[in-house]
Every structure is written in C-alpha cells, then in structure tokens.
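Chain order of the listed sequences is B, U and L.
To get our numbering, take the position in the first sequence, counting from 1, and add 1.
To get our numbering, take the position in the second sequence, counting from 1, and add 552.
To get our numbering, take the position in the third sequence, counting from 1, and add 8.
Source of the hints: derived by calculation from the structure; they are not laboratory data.
Heads up, some of the hints might be wrong.
Quick list of in silico lysine-lysine cross-link-like pairs, DSS-like style, CA-CA up to 27 Å [what the hints assert, rightly or not]: (1) K61/B / K100/B; (2) K103/B / K61/B; (3) K185/L / K122/L; (4) K729/U / K103/B; (5) K122/L / K729/U; (6) K185/L / K729/U; (7) K166/B / K729/U.
Which stretches of chain U does chain B cover? Using the computed rule of at least three CB atoms under 8 Å from a CB of chain B, they are [unchecked claim]: (8) 688-695; (9) 726-737.
C-beta: ideal position from N, C-alpha, C; glycine also.
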Amino acid sequence: MIRSSVGNAFARLHGAAGSVSVPSLPAAPGAQTGIEISDVSHRFGDTEVLRDITLSLTEKRIAIVGANGSGKSTFSRLLNGLLVPDTGSVLIDGLCTAKAAKAVRRKVGFVFQNPDTQIVFPTVEEDVAFGLKGLGLSAPERAARVSDVLARYGLEPLRERPAHKLSGGQKQLLALAGVLITNPDYVVFDEPTTLLDLRNARLVGRVIEALTQTAIVVTHDLPLIDAFERVLVFEGGRIVADDEPSSALANYIRRMR
Amino acid sequence: MTGGSILHRAPAGLKLAALAMAGSAVVLVPDWRVMVDLFLLVALGFPLARLGRGALRAQLRPLMPMLVLLFFTQGLLASWEMAALVVARIATLVLMAALVTLTTRSEALIATVETLLRPLAPLGVNPGKVSLAFSLALRFLPVIAEEAERVREAQTARGLGHSPLALALPLIVRVLKAAEDIADAIDARSGHDDPSLRPHPETAPAPGRRFLFRSVKEQV
Amino acid sequence: MSPQPISTRDIVYIALFAALTAALALFPPITLPLIGVPITAQSMGPMLAGAILGARRGALSILLVLALVAIGLPILSGGRGGLGVFAGPTVGFLLGWVATAYVVGLLHELGWNKLTLFSSFAHAMIGGIIVLYAIGIPVLAVQASLSIKAATMACLAFIPGDLVKAALTAVIAVAIKRAHPIIGTRRGQTA
Numbered sequence: 002m003i004r005s006s007v008g009n010a011f012a013r014l015h016g017a018a019g020s021v022s023v024p025s026l027p028a029a030p031g032a033q034t035g036i037e038i039s040d041v042s043h044r045f046g047d048t049e050v051l052r053d054i055t056l057s058l059t060e061k062r063i064a065i066v067g068a069n070g071s072g073k074s075t076f077s078r079l080l081n082g083l084l085v086p087d088t089g090s091v092l093i094d095g096l097c098t099a100k101a102a103k104a105v106r107r108k109v110g111f112v113f114q115n116p117d118t119q120i121v122f123p124t125v126e127e128d129v130a131f132g133l134k135g136l137g138l139s140a141p142e143r144a145a146r147v148s149d150v151l152a153r154y155g156l157e158p159l160r161e162r163p164a165h166k167l168s169g170g171q172k173q174l175l176a177l178a179g180v181l182i183t184n185p186d187y188v189v190f191d192e193p194t195t196l197l198d199l200r201n202a203r204l205v206g207r208v209i210e211a212l213t214q215t216a217i218v219v220t221h222d223l224p225l226i227d228a229f230e231r232v233l234v235f236e237g238g239r240i241v242a243d244d245e246p247s248s249a250l251a252n253y254i255r256r257m258r
Numbered sequence: 553m554t555g556g557s558i559l560h561r562a563p564a565g566l567k568l569a570a571l572a573m574a575g576s577a578v579v580l581v582p583d584w585r586v587m588v589d590l591f592l593l594v595a596l597g598f599p600l601a602r603l604g605r606g607a608l609r610a611q612l613r614p615l616m617p618m619l620v621l622l623f624f625t626q627g628l629l630a631s632w633e634m635a636a637l638v639v640a641r642i643a644t645l646v647l648m649a650a651l652v653t654l655t656t657r658s659e660a661l662i663a664t665v666e667t668l669l670r671p672l673a674p675l676g677v678n679p680g681k682v683s684l685a686f687s688l689a690l691r692f693l694p695v696i697a698e699e700a701e702r703v704r705e706a707q708t709a710r711g712l713g714h715s716p717l718a719l720a721l722p723l724i725v726r727v728l729k730a731a732e733d734i735a736d737a738i739d740a741r742s743g744h745d746d747p748s749l750r751p752h753p754e755t756a757p758a759p760g761r762r763f764l765f766r767s768v769k770e771q772v
Numbered sequence: 009m010s011p012q013p014i015s016t017r018d019i020v021y022i023a024l025f026a027a028l029t030a031a032l033a034l035f036p037p038i039t040l041p042l043i044g045v046p047i048t049a050q051s052m053g054p055m056l057a058g059a060i061l062g063a064r065r066g067a068l069s070i071l072l073v074l075a076l077v078a079i080g081l082p083i084l085s086g087g088r089g090g091l092g093v094f095a096g097p098t099v100g101f102l103l104g105w106v107a108t109a110y111v112v113g114l115l116h117e118l119g120w121n122k123l124t125l126f127s128s129f130a131h132a133m134i135g136g137i138i139v140l141y142a143i144g145i146p147v148l149a150v151q152a153s154l155s156i157k158a159a160t161m162a163c164l165a166f167i168p169g170d171l172v173k174a175a176l177t178a179v180i181a182v183a184i185k186r187a188h189p190i191i192g193t194r195r196g197q198t199a
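Okay, chain B solo, but in the shape it has when bound (with noise of 0.2 Å):
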C-alpha cells in the first residue's frame, strides 16, 4: 500500500503513465533452476587450482570451506563469471557463465572479502548507486532505490560521508548495500567475516540469514553456517565432503587435523 502510493506519487511528479514500482527491477532473464557446474577444471599457471567438479546446487543456504590454496575461492569466483573455466561449464538458472555474462553478474552479486577494495565510489552514496548504472532505470528510479537500500541497512544517515571515514562494519554493510541494491537472485560471499570483529561479524551473519536470496558463502567462520543447508568442503582443488552442516564440519575438521 505505501510502497504504490509512493510509487504513484513519483508517476504524478514526473508525469510517467502508470505506477512506477519503486523496490522491484526488470529481473534477470530464466526462471530460478539453481546452478549447474559441469567437469570445471582450471589452473593458474603450472597449478591445477579446480579439477573435475560436477555438481548442482539447488539450496538456499550453501557454505564452502577449505583451507587456504584448497580452490575455494577460485570456485567462488566462477559462480559469477569473475573466472571462466578453462574446461567444463557453469549454468546459472540456464544461463552459461562464459556466454551471458552480463546476464549471469545481474543474476549473481558477489561480496568480496575486503570492503576497502569492493568500494569503489568516493560516498556512501555514490558507491550504493554506481550498481544501478546501466541497468536502465530512470533517475527518480534509482534515487527510490538508493534511499531504501540505505535505510535497510542503516546507512541513511551516513549517506555523504566519504567512504574511508568508516568503520569496518559500515564498510562491510555498505559493500553488502551496494551488492544487494540490484536485486540479485544470488549472492555470493566470499569471507564476508574475516576482517571484521565479534560484533560485526554477527551483524553481517544475521544479514546473510534474513536475505530472501540465495546465499553461498565461503568461509572459515564455522559458527556463520551453522544453519545452512549445505556445506562443500575443498581439499587440493577438490570438494571432499558435500553433506549437512554436522557431518560435512566434523569431516572438515578431522582434515584440518
């Protein structure tokens, strides 16, 4: 009701025919079929970095762990077509990552580890709107979007302020701002938490835990994925365990012996 009126107030302003519909963006092309990975193999030089994986991914809550070099985060990168494998295939809802990749980073959001280097826009503000750009949407359009995705996240009254006067924290749910403002249907984190202490850590945990999205993350936070539905663990390029949270951790752990 109030998000129409709004929406009907901006028509009148602007003189635009029927409503303008202010949370929602012309979505993504292809239906929500989940992820296909076929026989990715990839390398970095003389090292073989991912080898053979074949898998679906169909859940909601997807955790990957691994230790440092075990390829993870090389995985992580080819949900979005960050990477293109040099073998093999990834489908995101059936669209293939090397093809549509334009498609496929409007499908998938990625969340980097370090907020100081995924910032890229000198304000708050101006970083939160540079994801918009592109996407074809008119000014008013996109200043709706702006001000409800800084109010979600509690970055309204930080909106001017340069981006290298904030706190870790502020740093790590702007970044995240700027990621969700798009509406992706996933979003990929890759060690949302490392950088951050206790109190931020869970702040960013419980905002993984509200989204509507689909949510694969990377991670050595065991405590983060606790309620996930599904857990990838990778050893020399490989996933060695892909079970539920209890036994896919207890599996990681004795590894990590």
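Starting from the known structure of chain B, arrange chains U and L on it as the hints suggest.
Relative to chain B, chains U and L alone:
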C-alpha cells in the same frame, strides 16, 4: 566554501573560458606599470569574492622565493622595468587562476572537464571512464595516504628508519595487489561486459562530494 | 595501429597511481648534503608510473594527477594545488611529467624482456631528466623571460636529486618486475 559572491555563482565553464582569455591577454601587456595595476585589480578580486586576506597570502607565499630570485636575476641581467613586468605578470596569472579555483566547487570543475571531453568520444575518449578514474582516485587517495603512514610506522618499528626504498616498495606492491581486487569488484558489480560506465550524464554529482573534498584537503 | 581499449583494470591502475603520486607529496623532502636543494619524493611519481604501468597507462595516470591539481586539490608537494599552479613559471615541468611517464614507460616496454638495473636507470634518466628538462627549461625561459642558458643554470641544482630518483625508480622497477609485473602481462590472467 560559502558561495555568496557573483564569482561563486558564475558557471564553471564561463570562468574557465574567461581565465583562458585573460591569461592570454596578460602576456601581451608590455608596460610594467599597467601590469602592476592589473595585479592590484586581480588582488582586489579576492575581497570582492569574500575570500579574505588569508587566501591571498596563501596563494602568494609559496611563490615568493621564486619571484624574489627572478626579480633580481631579471634586474641584473636585463632591466629593472623588465624585472617588475615579469614578476607582476606571474603573480597576476597565478592569482587569476586561484580566483577561479577558490570560487568554484571541485565537482563543478569535474563536470566541466567531462563536458569538455564529450566531443572527443569519437577519438576513443570515454567520458564515463574518465569519470570513473576521477572517482577512484578520490576514493583511494586518503586510503593510500593512510597506508603510506602505516608502512612508515612498520618500517620505523623494524628499525629501517626512513629509507625511501623501504617505504615505497611495500606501498607499491600493496597498491598493485589492491588494484586487481578493485577491478574485479567493479566488474562484478557493473553488470557490463565492457563497462561503459556511467551512461547517464544527467546524473548530478552527489552532494556528499563536498564533504569528501573537505576531508581530502584536511588529509593532504 | 589501433590502441587496445582501456579495460577496467587499466582504469584502476591509472587512478591508483595518480593517488599514489599524490600521496608521495606527504613524504618529507630529503636534503642532499653539499648541494642543499631539497629532493621531493613526488617527482619520482612520473618515472615510477611509466616504469611500472608502461607508456599509456603511466602517462594517463600523471595526466589525472594534473587534472586533480587543476580542480583544486592541494596534492602537489608543499600543499600546492589549483589552476594557479599552471600559471606559474614551472608549469613546463609539471606538463613535462606526462611526457616523462610516457617516455619512461615506452622505453621500459621496449626493453622489458632484458630489463636490468642499469637499463632501467637509463630509461628513467632519459625520460625523467632529459625529456623533462627539454620541456621544462624552455617554458621556464619564456614564462620568466630568461635566456635558455640562464634557465638551464637555474635548474642544474636539481639534477643530482633527479639522478637519485632515477636510481630508486630502477631498483623499484626491477623488484616489481620480479614480484608483480604489470607491463608485458596480458590482463585477465591472474585471479
């Protein structure tokens, strides 16, 4: 930066054009007395633009040693009239340019730069990319300055003193590593195969830039 | 020859090196014994940008520094900034920085496979001293109505400092080539 004066309100593009023309005209003045009058006229522009005497002094002070040196070199090598002309001309040019900078918000100047670049698009100059480069530099300038300070502390703690190599090398390696992550983040967020970033030229610069510039200026 | 389009990664390198060159202004100047002319770290920026990023990206990053100065950021050594800097007699050296970065970059690209400490030093010296002074001195002479000879004499005191900077640039360029090369690698290969 309170924008009360006519100079503050005049469009950035107009001020830049006027500066370019005035700058070229000043070079043609042959008489040192006229030049000194012009200098006083421009200096008068500072109180008219409500900039205060401190602003005028801040502009002239770093120039002083060079002007004094120049005055005596010219006076001894050529003539004292020539010396007065040259020194007054340089001071006038510097003050005119400073008057434009001090009465124009940085984001208005960036917007002007972008507008000026638009006709160059067929030559491969992409205003969106230029604008992204500006934004990134402004975003990471304070970050790199802080990082430099941190490296310096670490080197001092390790007893390496202020060796410029011990400072520069780790800083550059960190910058290069960060660059890759930043580029990945931009690609991941832009939803473009080849990001022709900022395709919406009607977007006004965020008001927050004001705060940003202030903080960069404090930092540097 | 059609130049490659500027990629996202190129833009980031350009912007970060511009920021780095600006940050170099924060390092306190070193005063050489005997000569007494302060050496500022900042003028090493153009040599470094060329030696590490190559000709095009290096020159563009220095151009960005100048643009940031022009819009009023006080990022030159001593906190100078604004259009006034471009009206002063040393503007030739400032504009010459862009040429320095380009030439140092071009020479490093051409000699990349066989880069040694000595060749890198020679490249930095050609771009950072010969090219820079070839632009800076005539502009200084015109702006200050000096003869070329007098203008050259005025600049001589800075040469020892520039030699030190060229040497530092060479050490850094060779170390970066080993640790994290940018020139000569195709983009998109690392992750």
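Which earlier hints can't be squared with this structure?
Violated: none.
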